[in-house]
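As they're listed, the protein sequences go chains U and P.
Count along the first sequence from 1, then add 553; that gives the number in the working numbering.
Count along the second sequence from 1, then add 277; that gives the number in the working numbering.
One or more hints might be untrue.
Stated by the list, open to error - Cut-off 20 angstroms, straight-line C-alpha distance, at most; resulting in silico cross-link-like pairs (EDC-like, lysine to aspartate or glutamate): (1) U:581 x P:557; (2) P:657 x U:616; (3) P:617 x U:590; (4) P:615 x U:590.
These aren't lab readings, by the way, just hints derived from the structure by calculation.
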Amino acid sequence: MENKPIKILIIDDEADFRRTMEFWFKSKGYIVNTTGDIELALQMIKENLASIIFLDLVMPQVDGVELLKKIREISPDVPVIIISAYVGDKEKIKKLDALGIDGVFYKGADFQEGLNLLEVALRKHRKIEK
Amino acid sequence: MFELALIYTITIILSIIVAFLLVRLASLSSQARAWSEKTRKEKKVYPATFTDGSLRRQIYDEIVEFVDAKARDEASQRLFNIFNKELEKKITQKEEELNKKYERIISQKSQTEEIAWKKYKNVLVQKNQVEAIIRSVAEGVVVVDKDGKVIMMNPAAERLLGISHKEKIGKSLLENLKKEQLISLVKGSEDKEDREIDLISPQDETKKTIRASTAVIENENGQTIGMVSVLSDITKQKELEQMKADFLAKVTHELRTPLVAMDKSLSLLLDKSTGDVSEDQQELLSIAQRNLKRLNYLINDLLDLSRMEAGRIELKRSNIAVSNIIDEIIQSLDAWAKTKEIKITARIEENLPELNCDSQRIGQVLINLVGNAIKFTPQKGSIIIEAKLSRDKKEIEISVEDNGVGIAKEELTKIFDKFYQAAERAPTDITGFGIGLAIAKEIVELHGGRIWAESEKGQGAKFTFTLPL
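In isolation and in its complexed conformation, chain U is listed as follows:
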């Protein structure tokens, strides 16, 4: 269990942002996949290419809440951290909480915070699995 590699999936329509995140997490020793394509993302989750997901809340043509619902249909337990550029949307965060999320990573924040969130989420989920 401990040796199983952690595969991060970053779903964000802004390529430069997800590519930079990818470089960052790779530099910390994680396996990282990224995409801005919703269908491709869902396919990757089906194929077990995600042990934790970073999900952009705001993307063209898809609502973050709807997308999380779809993800939950495929994988009810995978840890999901929301990426949000907008701090104010508390109502939406509530809805997402109900579907099960492991934190919100604000787009302006340091990537280190994203990494902290990720580590907390992974520890929590390992405990549950044990």
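Please build the complex by placing chain P on the supplied structure of chain U, with the hints as guidance.
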């Protein structure tokens, strides 16, 4: 002969009888006269208590002929008593009836009065309330009649205008005041928009800015009977706006210096003039440079916003081909579009005349429009930039069309407002048209053109602007 003597005798006897009868008749008639005269004398003797025309006397007169003189007084008294009793009974009855009727009328009347009084009191309370509210609102309230004479003004208005209502009631507001300052209070505004009036305070010579929102008062027949103006002191707000504009301008200038340094450094690294870079390094440097460019656009917009607020955007016009501007924009945004696999196509009509415009500014408009299109178009979308001559050949029409999420119809006019965020755009919920469209509109209008958007939710969006030739 005997017969004759007999007739003669009989005649004499008859004559004697007739004579005797006549004498007797005469005596009887004189007796009757005497009796009647006696009675008449008796009637006139009334008991002392009788007054002229009194009921007792009337009764007495009626019975006098039938009743013996001794019994008359007693009889009349009894009759009077009976009559009086009956009369009293009748009167009491009538009185009661009348009383009831009266009470009924009074109660009806007092009910009506009570209702009227209640209504009056209500109106009075409401009037006092309204007056108290008007008196205590922080905004100045001035009401003028159709001739511009002041009907009422509250203490706040007195304070703001530096005049007392006592000297103004019934007089024109303009008397003793600078006409141009207050004209809008009386005339009202044709476009019904708020007006800003600069006033020099008579007390301390300080400048005040007052916003006047004026509305016409109409009676039930729709005739103008006056005008109500609500005045608010926006001096502080104005100062803050100015401070904000100054601050913004300063900050944006400060921001640009490090940006240039960063951009140049990245360029030097990327063109390998300082040594070799790996593929990954090159990609990261490219990401940095692309995003720096975006940041630069945003800062330019911010800077323009502060210029716009201060009314300081000036155009540097020159003659240029539209295709040049469009090509340059595509070149500068293509790298960003490619990160989302979005294809930008230009369709430029052949032989378009040159435009006399500020090419940098028009480029900025296009950057904003194409930038939004990239932002709101999903992976693998497409953007078309089109330029053509208008039907009347007096303008060039430039449009940017995408196949992205689109904009709800009711938001199409609002998106050009400063800081408007299409926050209600669920389910896609993309926030932040920000200031780009407001700036685009300002620039286009400075050129004498128009800008508009056509879209339907989920159907992509098309932004078009015109520039006069």
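We went through each hint and held it up to the structure:
no. : hint          : verdict
1   : U:581 x P:557 : 16 angstroms, holds
2   : P:657 x U:616 : 18 angstroms, holds
3   : P:617 x U:590 : 9 angstroms, holds
4   : P:615 x U:590 : 14 angstroms, holds
This entry satisfies every hint, going by the numbered hints stated previously.
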